[in-house]
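What follows is the residue order along each chain.
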Amino acid sequence: MSKSKILDSIRKNQPGAIPLPEIDPALFADEGNLREAFTSVLTAIGGNVHAVNSPEAALPILKAAFPDAAKILCRVEGIDLNTVDPDSITSAAELDDLDLAIIPGAFGVAENGAIWVPESALSRRVLPFITAHLAIVMDGSQIVGTMHEAYPRLKDFREGFGVFIAGPSKTADIEQSLVIGAHGPLSLSVFLI
Amino acid sequence: MRIALFIPCYINQFYPQVGIATLQLLEKLGQDVFYPHDQTCCGQPLANSGFEGDAVRTYDLFVRNFQDYDYIVAPSGSCVYHVRHHFDIIPQSAEVSHVREKTFELCDFLVNILKIDKIEARFPHKVGLHQSCHGLRGLRLGQSSELMGPGHASVVRQLLAGVEGLELVELTRADECCGFGGTFAVAEEAVSVKMGTDRLSDHLKNGAEVITATDMSCLMHLEGLVRRRNLPLQIKHVAEILNSKNKVSI
Amino acid sequence: MNGHPQAAAAFNRDEAHVDWHDTALWAVRQKRDTMAGTVRNWESLRSLGSQIKAHTLSNLGQYLEQFEKNALQNGVKVHWAADAREHNRIVCEILKQHKVGKLVKSKSMLTEECGLNPYLEAQGIEVTDTDLGERIVQLAKEHPSHIVMPAIHKKREEIDLLFQEHLGTRRSGGDALYLTREARKHLRQRFLQADAALTGVNFAIAETGGFVVCTNEGNADMGVHATPLHIACMGIEKIIPAQEHLGVFLRLLARSATGQPITTYSSHFRAPAPGQEIHIVIVDNGRSNQLGRPEFRNSLHCIRCGACINTCPVYRRSGGHSYGYTIPGPIGSILAPGKDLHRHASLPFASTLCGSCHDVCPVKIDIHKQLFRWRQVIVREEGADFFKTLAMKATAFVFARPGLFAFGGKVGRLLLKITPRFLVYSRLNSWGKQRELPAPPGQSFTEWYKRERG
Ligand code: SF4
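Protein chains in written order, with this note's numbering: chain A, 1 to 193; chain B, 194 to 443; chain C, 444 to 897.
By construction, these hints were calculated from the structure, which means they are not laboratory data.
Computed from a predicted model, the values in this text were never measured in an experiment.
Please note that a few of the clues may not be correct.
Stated by the list, open to error - Computed footprint of chain B on chain C; a stretch qualifies when at least three of its residues, placed anywhere within it, have a C-beta under 8 Å from a C-beta of chain B:
1. 591 to 600
2. 642 to 656
3. 749 to 760
4. 801 to 809
5. 884 to 895
For each residue, glycine too, the CB sits at the ideal point set by N, CA and C.
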């Protein structure tokens, strides 16, 4: 009932047709090396970026960075660090003490350091948020310039959930002082292959 | 070219020297300047208070006074903005449209109509430019700090930069509002005063000896604060600085 | 009547506090400037944002229906609420059906506008705001003073005390890192114990039936993915036509809001996870009326970035609570009168019409012009107080009569000259409380001109 009431009111009040503008990505494209731009932006927003030749090469870096990580869930082939069986997890609470999650990223965006993570890359949607530390492994050639180039890549994306992740979780709600690590991960490491 | 001088009501009554400076400056530049005696006000004080309807007769009078001139020039961006943007509630006759299009703020007129980029003037002081909002963001006399990319330079800065001996000081906040705002100054006295004193601190901190602006209304507010607090600042309308080689005495 | 001027004057009694507040917000404005400056053709991007919104509003009915159809196909449940009361009732019913006792919420100004929290609490549901700033104001039993930084008015020492009392933290002198970590632990428990999560919606996409929620803290996702029920509440104006338009708005939003290139998380929801339900509540609550007011229509472009609030010289010096409305600052001052003209009649006057809000707004809402227009509506429909009306009518009378104007000016200047100071600067003269009046000159310009030039 309210639906028709609302829609009637909208139709009565909305103005005559106004055209939809075209977006021209070229207007906003910056020159320069995408990988370098991506790395510098992501670093500026609190991410740790590593250039590696293969997923395996991330292994020693991760071990050195998280020597005390006891509970690790890894979704990237070639990195043998799993201490839990992803399929055995039945609730978010079981991941509360997860020290490290390692997941694949689909592509990155140079202008803002964001990485697209589709649901299919995760065992559960909560994974990249609940973990204490997050590592994303990504093909370094898969970086676009701006968001205008990112969305065409998602044209056929049909999954139920996906997220752009840009850096570790953060807050500045106490007198505007920036604190890295709010409700999500305390750190983000990105491995560019 | 017949130019009519529009001297806003409060300048007429309280700051005649600003009107005189404007007149002398235009004459010095060889212009034929006329002053329609029957002018009063643009109606802005009424409209900004929500009494636009009551301002209509003032608008009509304004148009009658000025319709026979090629240009109307005023030493106030705010009043010009009002004529240009808010005279839309009266029927748009040819006269009304003409007056709205041809009313110019002084610096805008000098730079963009008379195409003058330097005025012979001397003012050996450190000057802080207060960028009055209606001139800056309303008439786009310069590019506001919110806008990005290459914009056009401020016409006021440009003229001041050409004045001999004048040193423009850079402010920490280039174009924050002074807090005058017409009846706002009275209705929101506390915030208005705080905004004004914050502006003054910025000018003082950056070494200004004189504050200038295109609008005497902002300056009236700032001057009121300066005088009450005995601050070491002088207040001068931009027309007075640009006319500083002519002697004005009243 | 108590309105913005009174509250603002009270705020200004502590000048050091005003300076602190002003400085904090100005810093955010500066970060926005820096970040916007790095984007090529920023002004074209703003134009695009504005045009897309204008187009969307001109097809709003169609896009909402398209959105609903696609959302339903995705397995999402859709509800429509005409007003705040219906919104609250719908949310409560969904929660009751799922036997929810504990709800975690991420930031949603809409639910603030609807007064959802007190409504649910009265029904025995425990509501936890999980955005750190919102949690702070919730514990303090206050309301957000800003739409992006809800606790911007709170000093770290106050937060320290608040956490000692409610979270049992130690005295830290307001150590932000320590307090944030403690809040993380406290809220982590709430997430894991909750039965349902409620979020706002930043953008709803007609083309896909999906919607996007942006946070930095990750609190929306923590709640949503840890619980089996997700309720997302959105105003009708949150719709955008297609996914590609997200590119424009996500580029504008965080840069304008906090000077970040993008929020940490931009979560794209389309369908529920296995075993989960998603409900969307589409809320009008006065928005379709605003759509019908051509002069005020584009206030519905707002993407709630808060940039106009940060830049507002009046907001920074009067504080968010002085506005007495869910959404403070310039944008609040043009939205509030559309909801309740009488109650919010002082807001359109709480501005110098400096226009900074318009130039900073990522979707180019001409806020200063709408403030001017609301003033006319208020005087027409609500009237002004007796003295103001009298003064304005008298002024109008004089301005229309040049002879009277000249005479009045002369008398006024004379009076100002001969009246004793204590009378001129009496309590009735609010100009003169902290300011001198101009020194009256001997003659007006007109008098000078007639004498000198004839
Ligand atoms: S009005 Fe514009 S600047 Fe203000 S919150 Fe809305 S989108 Fe942001």
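Status of each hint after checking the structure:
{"no.": "1", "hint": "591 to 600", "result": "violated (count 0)"}
{"no.": "2", "hint": "642 to 656", "result": "violated (count 0)"}
{"no.": "3", "hint": "749 to 760", "result": "holds (count 4)"}
{"no.": "4", "hint": "801 to 809", "result": "holds (count 3)"}
{"no.": "5", "hint": "884 to 895", "result": "holds (count 10)"}
Going down the numbered hints, you'll see the structure goes against 1, 2, while the others check out.
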